[in-house]
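So the sequences go chain by chain: A and B.
Under my numbering, the first residue of the first sequence is numbered 1, with each subsequent residue one higher.
Under my numbering, the first residue of the second sequence is numbered 1, with each subsequent residue one higher.
These are computed hints drawn from the structure, not numbers from a lab.
Remember, predicted model here, so these are calculated numbers, not experimental data.
Don't be surprised by glycine CBs; every beta carbon is placed ideally from N, CA and C.
Any given hint could turn out to be false.
Computed footprint of chain B on chain A; a stretch qualifies when at least three of its residues, placed anywhere within it, have a C-beta under 8 Å from a C-beta of chain B [as the list claims (entries may be wrong)]:
#1 1–13
#2 31–42
#3 51–65
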Amino acid sequence: MDALYRDYILDHYKNPRNFGTLEPHDLEAHDHNPLCGDEMGVHIRVSDDGTIEDLRFHGQGCAISQAAASMASEELIGMKVQDVLELKAEWAIDLLGIDISPTRRKCALLNLKVMRGATSDDASWPE
Amino acid sequence: MTVAATQLDVRGDFPLLGSGIAYLDSAATSQKPAAVLEAMDHYYRHSNAPIHRSVYPLAAESTELFESARERIAAFVGWDPSTTIFTRNATEAINLVAYSWGRQNVGEGDEVLITRMEHHSNIVPWQLLCAERGARLRYLSVSDEGELDLAELDQALAGGRVKLVGVAHISNVLGTLNPVAEISAKARAAGAVTLVDGSQSVPQMPVDLSSIGADFYVWTGHKALGPTGIGVLHGQRDVLEAMPPFLSGGHMISRVDDEMSTWGELPSKFEAGTSEIAEAVGLGAAVDYLSELGMDNVRAHERELTAYALERLAEVEGITVFGPRDPDRRGGVMSFALEGMHPHDIGELCGREGVCIRAGHHCAQPLMRDLGVGATARASLHVYNSREDVDRLVKALTGAREVFGL
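If we strip away everything but chain A, and leave its shape as in the complex, we get (with noise of 0.2 Å):
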């Protein structure tokens, strides 16, 4: 099996979980990877006491860039709005659980960019 493209990257490439917009929404971002011109977006439901109740991200990309979103996604429900922004960079890539080299980074962490844009005004890359 491929040590980058796992059967797992792979499937959730190609049938990624929560794609697709989401309305009505509470939160939303847009953003894209200047090195690559890739584009996400991401729109997202709240609940009272501040849960994120439902999300869906859209865009075109890379299949480390959809797969990243696509598992994100699934830990995403469920958290506090408040806590995306505490999410570190290694969160991301060891829900990817592969090697990332330096030139696909930026793949791997779009989505949690996007979803610090739409939850906190820091919509800077995660460290």
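Could you slot chain B onto chain A? The hints should help.
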């Protein structure tokens, strides 16, 4: 399959290629022949000294090497050395024109006309100029075959507001070979100047600037087998003479008074600061190398290999190759998409097989939007490539599809 007589066999001249890779990213930067590396090494070991002002023999030798490189580089494209200006790269050359010529000649209500297949380097400087001067930036469209429509150019020029036409000689995405002599003539007749970006053409085909007739022609050294850090601006003398300096400081002056200064003659007026001496020497060696091969032979090699690559790529399932189909109407740059795979993943999987291709927007986002993609994969050729490199690419693409279960 027999190798056509037009094929060059010079891979052994390029030390880096001894590693065994199939290097197909020359539109981004080319590999360097040993002759270029040796010329630069020899310069630093034996001839390094300031140019133009010191009078001792070593400085005279350095100056001679630098100016002789300029003469050979100018002759390589059929131009005059005194109107051949060294810049850092093609981007800086275009910025020079946008600042010096643009701010003197483009005003409110004027138009700058470029094409949708330009590299960002021939888009963004004009965006900034137009925003500052209240001018309008217009684009010529690109057909589905990846070509310009000169009737659209005529129409745009007929409005009488176009001050400058900017166009790539060969597209860095589609490979399209644009009719730049015809475009320059039409622009001139309409009272506009022309800037041609020759970054992709000078490295791979014979270019004779006197027959093109553009007012400005720019290119970069590192795509033409030379080093990074040096580009070239060729300009019409009367246009360059009427322009104010771009960067200012040392070397570019005639006399510096307390309040104001006067400018040096061409090309010094546009070469402020210490020049890229070793880089000029290296680029001089690169054009010597290409001249020895003969640019007609270089073009024949690339044309034949491009035709072969277009034929082989078509065998890959799910592929879309962008740009003109006819190898006579294009250079050795091929962008493509594979259904069900993002270009980054294609590039990653090809890289593992030692096949170096580019994946991304190629600094041409307006064109990407027209093609309806965010990015493409791109294979580009040079003199050191062979049919074997193309075969390895096709094999890597087939393997990549298998990894993705396609």
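Subject >> Ascending list of hint numbers which this structure does not respect >> reply: Result: no hint breaks.
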